[in-house]
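Going line by line, the protein sequences match chains A, B and C. Under the numbering used here, read the first sequence as residues 111 to 605, first letter to last. Under the numbering used here, read the second sequence as residues 1175 to 1591, first letter to last. Under the numbering used here, read the third sequence as residues 40 to 164, first letter to last.
Rather than coming from a laboratory, the hints here were simulated on the basis of the structure. Certain hints may be false.
Said to hold, decoys possible - EDC-like mimics (lysine to aspartate or glutamate), calculated; alpha carbons at most 20 Å apart, straight line: (1) Lys-1566/B to Asp-1494/B; (2) Lys-1447/B to Asp-73/C; (3) Lys-1198/B to Asp-367/A; (4) Lys-1198/B to Asp-276/A; (5) Lys-551/A to Asp-475/A; (6) Lys-111/C to Asp-73/C; (7) Lys-398/A to Glu-1335/B; (8) Lys-1468/B to Glu-90/C; (9) Lys-1468/B to Asp-367/A; (10) Lys-425/A to Asp-1494/B; (11) Lys-601/A to Glu-1335/B; (12) Lys-99/C to Asp-482/A.
Chain residues, written in single-letter form:
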Amino acid sequence: MTEPLSFEKSRGSAGPPRLPDANVTAPEPSQLLGPEHIRSKAPGLPRLSEPEIMRHYSRLASMNYSISEQFYPLGSCTMKYNPVVNETAAALPGFAGLHPYQDEDSVQGALELMWRLERALSAVVGVERVTLQPAAGAHGEWTALRMIQAYHHSRGDARTEVLVPDSAHGTNPASAALSGFHVVEVRSGRDGRISLADLESKLSPSVAALMLTNPNTLGLFERQILDIAEMVHATGAMLYYDGANLNAFMGICRPGDMGFDAVHMNLHKTFTTPHGGGGPGAGPVGVKADLVPFLPTPTVERTNGHLTLDFKRPKSIGRVRTFYGNFGMLVRAYAYIVAMGGDGLTQASRDAVLSANYLRKQVEDDLEMPHDGPCMHEFVASARNLAQDGIKALDIAKALLDRDFYAPTVYFPLVVPEAIMVEPTETESKATLDAFGAAIKEIVAQAKTNPQALHDAPQTLPVGRLDEVAAARRINAYLQGQSDDPVLRWKAAEK
Amino acid sequence: MLAAIGVQSMDELLLDIPSSLRIKALELPAGLSEFETMAEIASLAARNRVFPDRLTFRGGGVYRRFIPAAVAAVTSKPEFYTAYTPYQPEASQGTLQAIFEFQTLIAELTALDVANASLYDGATAVAEAAMMAHVHTGRNEVVVPGYLHPEYMEVLRVFSEGRGIKVRRGTEPGPKTAAVIFQQPDFLGLLVDARSLTESAHAAGALAIACVDPISLAILAPPGEYGADIAVGEGQQLGLSPSYGGPHVGFISCRKELVRRLPGRLVGTAYDKQGRRGFTLALAAREQHIRREKATSNICTNHSLCALAASVYMTYMGPDGLRQVAEVSFKRAHALSERLAALPGWEPAFPDRQFLNEFPMRVPKGPAVVRKLARKGILGPLDVHRWFRELKGVLTFTCTEVNDPRALDELVAALES
Amino acid sequence: MADRRYTKTHEWVTVDGKTVTVGITDYAQSQLGDVVFLELPSPGRTLGVRESFGVVESVKAASDLYSPVAGKVSAVNEKLSAKPELVNSDPYGDGWIMKLELTGELPPDLLDEAEYKKVTEAGAH
Ligand SMILES: Cc1ncc(COP(=O)(O)O)c(C=O)c1O
């Protein structure tokens, strides 16, 4: 099944929607504005009637896998179930209808929610304060690095390097570079954990921070985290926590206690705000006392039960986006925290670790396990053992799609060849984990008996494997002026 | 499950965590039932004051507009809102096609070649565009003439500082200028001479970056028509509720020559073995997961679902509907500005400048006016003096299709009382 | 070809008088996969040894190109803009990337075939 584009469906037969008339006496735009201001050709937007819209998007929706329908063991992404009550909460008119420039007195409930969320997140990660402004994890990373940079500058210390492990997510080095830092890679050792010797050799007075996630992207707890923190702090650098993996240990331990100075959290992972097919999320950043003066403005302050926005923070790095963050996502995360409570969050993490270890056990004889267990909330396997059958991680991913599972993350982290990164989360039943384990077994068996079937997967979806190489070449032909087909957008045929 | 794993207790799975780090419990209240949770959340919502749409005359980057019911009907489909970034294209064609349509809609609206899948908001879109210009030209300064939204300006500064780019207010680009960045209409609602700003940028060898209001483009010349290189903006007006400032959606589009420098996701068409057309993430080698520290941006998660809302909105409106919305807003705002100018002591703050549906008035005792209106249940104009010292007593009013003629009467009556 | 030399970053060079031809090795192209785009320098640009001069991209990877020698770019392979796949199909022939006019001597650390083979074997997982 495929669905034509809205542009292809639009035939101009649906007239414009019924909209109010102006009903005031006033000139037309063309009477007042100079011709240089007026658009010469109407934009080529499609127009579909409401029934056509509903059918178009319902058909598109049916082509998606989503948590609401499938197991989604996408490593590093924490695709846990998104409680629907979160949606009800965010849609309350008392939140959705607020203008960001209303007076503080008229938004006390919103500010109180932000203040309480800040306190709750601080408690979970063990920091002094949290900014709720960043829109996603990457934005949070960059915000934190700007604070760390400002901190060093305030001490007359112009540090220019940021250390990033080779197993790190791509946003880590990209955020560091966007902050103007030179990125230096630190190697992982054989056991999948950061190599202390390599770290030692790269630490110097020019290092501003080490960015780390724990458990690391291999799903392994950095056992020597306290030593790492000591080494980093001894050189005057700061320790940054990429909170994408926070789901491993809520209520069990806290990044703040491990020595991290700044921490971002992905509310769209750990705190169940939905992913939306690629956002919006929210990436709050928590900091220890040293970094508090540098937090983005405004912060939310509470005195005698009255809440205010504080813009007067002379050392602040300034704002990192408009207004106060993705407020609608903050409401959802807060609803989740209230419903779960401290006990519930702790249980969630314990169950996430249990699920991951259970699933790892189910598949450990079928796929290569490059590192010893136990794992935390996710594990990384490798399809290297199927290389002799010509089967790659990608083939396994596609074969899983045919079996009604979304695929794990593949080819990340980069340090494991043919990586298959599985994060089941706590919201899946044992029955689902068993079914997934059975599917992996079946696929691995098929690698021996009928590898071609795996190369041909998926067969049951709206399209089969797409020729991305041809697509990329067509795009480059367009960009170099050798073709008229833009590939990256629809274009009406020339009349 | 523990037995299957081969351990006696949960704690055996957590042995890698040094015992000195283990905590006993989180210092948070215990969990609540759904009913109690909603009661607590609703009690917070009840402590906020929501002004009716029709009596909201405040804008400043976030606007009340009619939102067709179809928007929420589509975005609340769990197949859309609980999916991840479409890494497996065969199982994500719905999201991918929706993004492809969004990219085309934005490219059409701005009359530029290619748009991306979305950015966080209008402010970060401005900053990302400045980074593109910096890399493209190898120059280290951006020039901002006129009244760019003050929060966009601040975000631009914070981004630029990291990269060692200077942000200069002014109108004259020089040999070090990477881009001239202007907002059309500007933060006060006034039209700028986009054409000559673009020409001055090009004459200096700089790029022209236009920050535009998407609805205005039903009437106004789009960036592609006056030769701007990059268009950016905030898409909140395209079907998103104010929601105390977010989530909304940033957009960015550019000329073909700059596409390789675009930040974030791009979706393109591709074909399978049977020749069926599908959609997939494209030009990913620009992005952080492949290019790491050399990526064009660090953005990963963007604002896909908000972009979907914007697509539904634009497809519902079509070119004629969008134009009607823009024109009704234009006329109501002009009718209102005439009436306000007749109030004793009130006058247009910039009488020689044109506007669409947001405009600045110079009034005696601005803050008192705003307070008085609030007492009468009206979310009155925005006092812009807060950001610009020279604009003492200047308030900006916004009118859209949701402010019906009786609402204008009520506003004027309240001001006269 | 006996007089082909290599770098640890997987470029190759051949020398003809003062003219040096540069490309990427067969090993490099096989690691990258189908090449879809190359960003190449403008002729006339001067490059130092190990200076980054461009990028080669496949769908899943992108790799910086480093100049094996110091010199001035005298030509780039124009065919690659329409047919980047030549880098895959004929890396040592039609898939050459650029020519340089050598300034000074060849750097001493260029590898011969056997030495380069050791590098690729160590790098392969
Ligand atoms: C380990 C890690 N760090 C950072 C990020 C970036 O987060 P976001 O996509 O919210 O920007 C991700 C998400 O994909 C991640 O998995």
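Here is what the structure says about each hint:
no.: 1; hint: Lys-1566/B to Asp-1494/B; verdict: 39 Å, violated
no.: 2; hint: Lys-1447/B to Asp-73/C; verdict: 17 Å, holds
no.: 3; hint: Lys-1198/B to Asp-367/A; verdict: 13 Å, holds
no.: 4; hint: Lys-1198/B to Asp-276/A; verdict: 33 Å, violated
no.: 5; hint: Lys-551/A to Asp-475/A; verdict: 9 Å, holds
no.: 6; hint: Lys-111/C to Asp-73/C; verdict: 29 Å, violated
no.: 7; hint: Lys-398/A to Glu-1335/B; verdict: 23 Å, violated
no.: 8; hint: Lys-1468/B to Glu-90/C; verdict: 15 Å, holds
no.: 9; hint: Lys-1468/B to Asp-367/A; verdict: 33 Å, violated
no.: 10; hint: Lys-425/A to Asp-1494/B; verdict: 49 Å, violated
no.: 11; hint: Lys-601/A to Glu-1335/B; verdict: 39 Å, violated
no.: 12; hint: Lys-99/C to Asp-482/A; verdict: 29 Å, violated
Consistency with the previously given hints fails for numbers 1, 4, 6, 7, 9, 10, 11, 12, ordered from lowest to highest.
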